[in-house]
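Visitor: Let the sequences and hints guide you as you build the complete structure.
One point on numbering: in the UniProt record's numbering, the residue at position 24 of the sequence shown is 24, and numbering is uninterrupted.
Honestly, the hints are just simulated from the structure, not real lab data. Predicted, not measured: the structure shown is a model, and the values here were computed from it. Glycine is no exception: its CB is placed at the ideal position from the N, C-alpha and C atoms. Please note that the accuracy of each hint is not assured.
Stated by the list, open to error - Quick list of simulated restraints, FRET-style, between CB atoms:
#1 Leu234 <-> Asn491: 42 to 50 Å
#2 Glu444 <-> Gly328: 14 to 22 Å
#3 Pro95 <-> Leu234: 40 to 48 Å
#4 Arg72 <-> Thr352: 17 to 25 Å
#5 Gln464 <-> Asp76: 50 to 58 Å
Claimed, not checked - As a list, the in silico DSS-like pairs of lysine-lysine whose alpha-carbon atoms are at most 30 Å apart:
#6 Lys493 <-> Lys503
#7 Lys256 <-> Lys439
#8 Lys452 <-> Lys380
#9 Lys452 <-> Lys256
#10 Lys164 <-> Lys133
#11 Lys132 <-> Lys121
#12 Lys483 <-> Lys254
#13 Lys366 <-> Lys327
#14 Lys133 <-> Lys194
#15 Lys377 <-> Lys432
#16 Lys275 <-> Lys285
#17 Lys121 <-> Lys75
#18 Lys78 <-> Lys133
#19 Lys334 <-> Lys275
#20 Lys272 <-> Lys503
#21 Lys272 <-> Lys334
#22 Lys285 <-> Lys272
#23 Lys223 <-> Lys19
#24 Lys223 <-> Lys439
#25 Lys223 <-> Lys78
#26 Lys318 <-> Lys254
#27 Lys277 <-> Lys322
#28 Lys452 <-> Lys325
#29 Lys393 <-> Lys366
#30 Lys377 <-> Lys334
#31 Lys376 <-> Lys334
#32 Lys493 <-> Lys439
#33 Lys346 <-> Lys366
#34 Lys432 <-> Lys19
#35 Lys132 <-> Lys194
#36 Lys285 <-> Lys420
#37 Lys19 <-> Lys256
#38 Lys420 <-> Lys272
#39 Lys376 <-> Lys346
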Amino acid sequence: MTEVKLEMKDISIEFPGVKALDGVDFSLESGTIHALVGANGAGKSTLMKVLAGVNTHYTGQIYVGGEPVEIRCPKDAKNLGIEIVFQEVDTALIPYLSVAENVMFNTLVNKMGRKQVVHWKEIRQAAAAVLKKLNVDVDINQQVSGLTLAQKQMVLIARCVAEKCRFLILDEPTAPLSNSETLELFRVVRELAKENVGVVFISHRLSELYEICESITIMRDGKLVTNLPLTKELEVNTLVEYMLGRSYEDNYIKKKCEIGGPLLEIENLTEKEGKVKNINMTVCKGEIIGVAGLVGAGKTELCKTLFSAYQQAGGTMKLNGKVIKAKGPTQAVKHGLALVPEERRKEGVLITDPVVSNISVAAMEKYTNWLSVVNKKREKEDAKNMIRGLGIKTPSENQVVALLSGGNQQKVVVGKWLNKDSEVYIFDEPTKGIDVGAKQDMYELIEGLAAKGKGVIYATCEFQEILSICDRIYVMYDGEVIKELNAADTNEKELLYYSTGGK
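Guide: In C-alpha cells, the structure reads:
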C-alpha cells in the first residue's frame with residue numbers, strides 16, 4: 001500500500017476577538033494513529049475543522065502527498081479523502097432515516113442531486129458490506145434515532161469508510177462510551193489503520209491514548225507545543241504539564257465542608273416509562289452526592305426525572321421538608337432545581353446566542369419590568385461579573401457560545417444556574433469532554449456551591465472523580481439504586497463491583 005503524507009504548515013485563523021490558531025504545523029501519515037491533545041481552547045478542534053473544510057478562512061498551506069491543496073469547503077476535504085467524526089454525533093445523523101441510509105447518505109445525496117434512480121437494494125447491500133467489514137452488528141433497517149451513542153458513532157465511521165476516506169479525524173470519540181464500547185472502537189480504528197487510513201485521535205482521556213496511538217501532538221493557546229512518539233516512558237503528568245504550561249497535581253484534594261440537615265428527600269421515585277425505578281435518596285445542605293454507574297445504568301434518566309424533563313409516575317420529592325410536584329422543567333426551576341445536562345450543546349446552552357443571553361435566560365425575571373422590557377445594562381453587568389467569577393475565556397459577553405471551547409461552554413451552563421441561585425444543582429457528566437485544568441475549575445466551582453449550603457448531585461461514570469469530589473455515593477444499575485456508600489470508605493474496585501450488578 002502506498003503511504004501518503006498529509007501536512008499542514010503555518011496554519012493561522014482568527015475569529016472575532018480571538019486568534020484561534022497561530023502558525024501551527026501538523027502532519028499525519030496514512031496507516032498511522034496520531035493523538036492530538038491540548039487544554040480546552042488550545043485549538044485542536046479548530047485545526048481539524050480546517051482540514052475538514054469547516055473553518056475556511058485560514059492562512060497557511062496544506063499538502064497531500066507533497067502536492068499543495070486548497071480546502072475551502074467540506075466538499076474539498078471529501079474529494080481529498082479527509083473525513084471527520086465530530087464529538088456531537090447526533091448533529092451529523094438524520095434520526096428518522098435508517099442505518100443504511102445514514103451510512104450511504106453522501107451517495108444518496110449525489111444520486112438525488114443528479115436525478116438518478118436510487119436502487120435501494122444496492123444501497124442496503126453496500127451499507128451492510130461496510131458494517132460487516134468493520135464487524136459492527138447493527139440492523140441496517142433500524143432508524144438511527146433508536147441507536148445508542150456508541151452505535152451512532154460506528155454508523156458515522158462506517159459512512160466515512162463508505163466514502164473511502166484516506167484520513168479520518170475522531171474528535172473526543174470515547175467521551176460518551178463505556179469501557180467495553182471504547183475497546184470496540186479501538187478495534188475498529190486499528191483495522192482502519194491496517195487498511196492504510198491515517199487516523200487523528202483527539203481525546204482528553206490521556207491514559208487511553210497509550211493503548212491506541214503511536215505519536216502525539218500537543219497544542220496550547222492556539223500554538224504547537226511539541227510532537228513526540230507516544231511511549232510508556234512518556235508519563236501522563238508530562239503530557240499534562242505540556243498542555244497546561246505548568247506543573248499539575250493529579251489527585252484533587254477535597255475541601256471539608258459543613259453538612260447540614262436534609263435538603264432534598266426522594267422516596268420511591270419512578271419514571272413513567274420505567275427508565276428509573278423506586279429511587280430513594282437524600283441530599284443534605286452543603287453535601288455533594290455522587291450517582292455512580294456505567295453507561296446505560298440510568299444516571300442521565302434519573303437526573304432528567306428529578307428535573308421533571310422525564311415524567312414521574314410515582315414517588316415523592318421533598319425540598320426543605322415540603323412536597324414538590326413539577327409537571328416540567330419550568331416548574332422544577334421555580335422550586336429551586338437546576339440541571340447541567342450531559343449534552344451541553346444540545347440541551348444546556350443556546351448555542352447560537354451570545355454569552356450574555358445564556359447567562360440571563362434562566363433568571364429573566366431579574367431583568368424585566370412589568371411591561372416585560374429587558375434591563376440590558378444590568379443583564380450585561382451580571383454577565384461580565386459571571387465571566388470574571390467563573391474564568392470564562394471569551395473576548396466579550398457578546399461572543400456567540402458556539403465559538404467557545406467545550407470547557408468554557410460548560411462554565412456558561414453553570415453560570416446560567418448560578419445567576420438563578422437555585423437550591424439543588426444536578427450535574428450530569430460535568431467533566432465530559434473537558435481538559436484536566438478545566439476539571440479542576442469545575443471541582444472548585446462545585447465545592448463553592450456546597451460551601452454556600454447548596455445541595456449537589458454529581459452523576460458520572462468516572463469513578464476516580466466521584467471519589468475525589470463526593471461525600472456519599474449512590475450506585476446505579478439497570479435504572480435502580482443498588483448501593484449507598486460513603487466516599488471516604490470505598491474505592492474504584494467496589495464501585496465497579498456494584499455498577500456491574502454485584503449484590
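Visitor: A separate judgement is required for each hint: does it hold in the structure or not?
Guide: Status of the hints after comparison with the structure:
Between Leu234 and Asn491 the C-beta distance comes to about 28 Å, which lies outside the given range of 42 to 50 Å. Look at Glu444 against Gly328: about 32 Å separates their beta carbons, and that is not inside 14 to 22 Å. Our hint of 40 to 48 Å for Pro95 and Leu234 holds, since their Cβ atoms are close to 41 Å apart. Distance hint check: the CB atoms of Arg72 and Thr352 are about 23 Å apart, consistent with the given range 17 to 25 Å.
A hinted range of 50 to 58 Å for the beta carbons of Gln464 and Asp76 is inconsistent with their spacing of about 42 Å. A distance of roughly 14 Å separates the Cα atoms of Lys493 and Lys503; the hinted pair therefore holds under the 30 Å criterion. Of the supplied pair hints, the one linking Lys256 and Lys439 holds, its CA atoms being roughly 19 Å apart against a limit of 30 Å. Of the pairs offered as hints, the one joining Lys452 and Lys380 holds, with about 25 Å between alpha carbons and a cut-off of 30 Å not exceeded.
Restraint check for Lys452 and Lys256: satisfied, since their Cα atoms lie roughly 13 Å apart, inside the 30 Å limit. Between Lys164 and Lys133 the alpha-carbon distance is near 13 Å, which keeps this suggested pair within the 30 Å criterion. For the hint linking Lys132 to Lys121, the alpha-carbon distance of about 16 Å falls within 30 Å, and the restraint holds. Our distance criterion of 30 Å between C-alpha atoms is met by Lys483 and Lys254, whose separation comes to about 23 Å.
A threshold of 30 Å between alpha carbons decides the hint, and for Lys366 with Lys327 the separation of about 23 Å falls inside it, so the pair holds. With a C-alpha separation of about 12 Å, the suggested pairing of Lys133 with Lys194 holds against the 30 Å cut-off. As the CA atoms of Lys377 and Lys432 are separated by approximately 34 Å, the hinted pair breaks the 30 Å bound. Only pairs whose Cα atoms come within 30 Å are accepted, and Lys275 paired with Lys285 is accepted, the gap being roughly 27 Å.
Distance restraint check for Lys121 and Lys75: the Cα-Cα separation of roughly 27 Å lies within the 30 Å cut-off, and the hinted pair is therefore satisfied. For the proposed pair Lys78 and Lys133, the alpha carbon gap of about 21 Å is at most 30 Å, so the pair holds. Proximity of Lys334 to Lys275 is assessed by CA-CA distance (about 25 Å); at most 30 Å being required, the pair is judged to hold. Among the hinted pairs, Lys272 with Lys503 is consistent with the structure: their alpha-carbon atoms are about 26 Å apart, no more than 30 Å.
Restraint check for Lys272 and Lys334: satisfied, since their Cα atoms lie roughly 22 Å apart, inside the 30 Å limit. Of the pairs offered as hints, the one joining Lys285 and Lys272 holds, with about 29 Å between alpha carbons and a cut-off of 30 Å not exceeded. At roughly 10 Å between alpha-carbon atoms, Lys223 and Lys19 fall within 30 Å of each other, so this suggested pair holds. At most 30 Å may separate the alpha-carbon atoms for a hinted pair to count; Lys223 and Lys439 meet this at roughly 22 Å.
For the hint pairing Lys223 with Lys78, the CA-to-CA distance comes to about 26 Å; that is within 30 Å, so the pair holds. Distance hint between Lys318 and Lys254 is fulfilled; the C-alpha atoms sit about 28 Å from each other, no more than 30 Å. This hinted pair checks out: Lys277 and Lys322 have alpha carbons roughly 22 Å apart, not beyond 30 Å. Proposed proximity of Lys452 and Lys325 is supported: the alpha carbons are some 25 Å apart, at most 30 Å.
Between Lys393 and Lys366, the direct Cα distance comes to roughly 25 Å. Compliance with the 30 Å bound is thereby established for this hinted pair. For the hint linking Lys377 to Lys334, the alpha-carbon distance of about 25 Å falls within 30 Å, and the restraint holds. For the given pair, Lys376 sits about 23 Å from Lys334 by alpha-carbon distance, which is consistent with the 30 Å threshold. Note on Lys493 and Lys439: the hinted pairing holds, with a Cα-Cα distance of about 23 Å set against a maximum of 30 Å.
Under the criterion of a C-alpha separation no larger than 30 Å, the hint pairing Lys346 with Lys366 is consistent with the structure, at around 25 Å. Simply put, Lys432 and Lys19 have alpha-carbon atoms about 25 Å apart, close enough for the 30 Å limit, and the pair holds. A distance of roughly 16 Å separates the Cα atoms of Lys132 and Lys194; the hinted pair therefore holds under the 30 Å criterion. Restraint check for Lys285 and Lys420: the C-alpha separation of about 18 Å stays at or below 30 Å, so the hint holds.
Using a Cα cut-off of 30 Å, the hinted pair Lys19 and Lys256 is violated, with the two alpha carbons roughly 40 Å apart. About 29 Å separates the Cα atoms of Lys420 and Lys272, which keeps this hinted pair within 30 Å; it holds. Between Lys376 and Lys346 the alpha-carbon distance is near 26 Å, which keeps this suggested pair within the 30 Å criterion.
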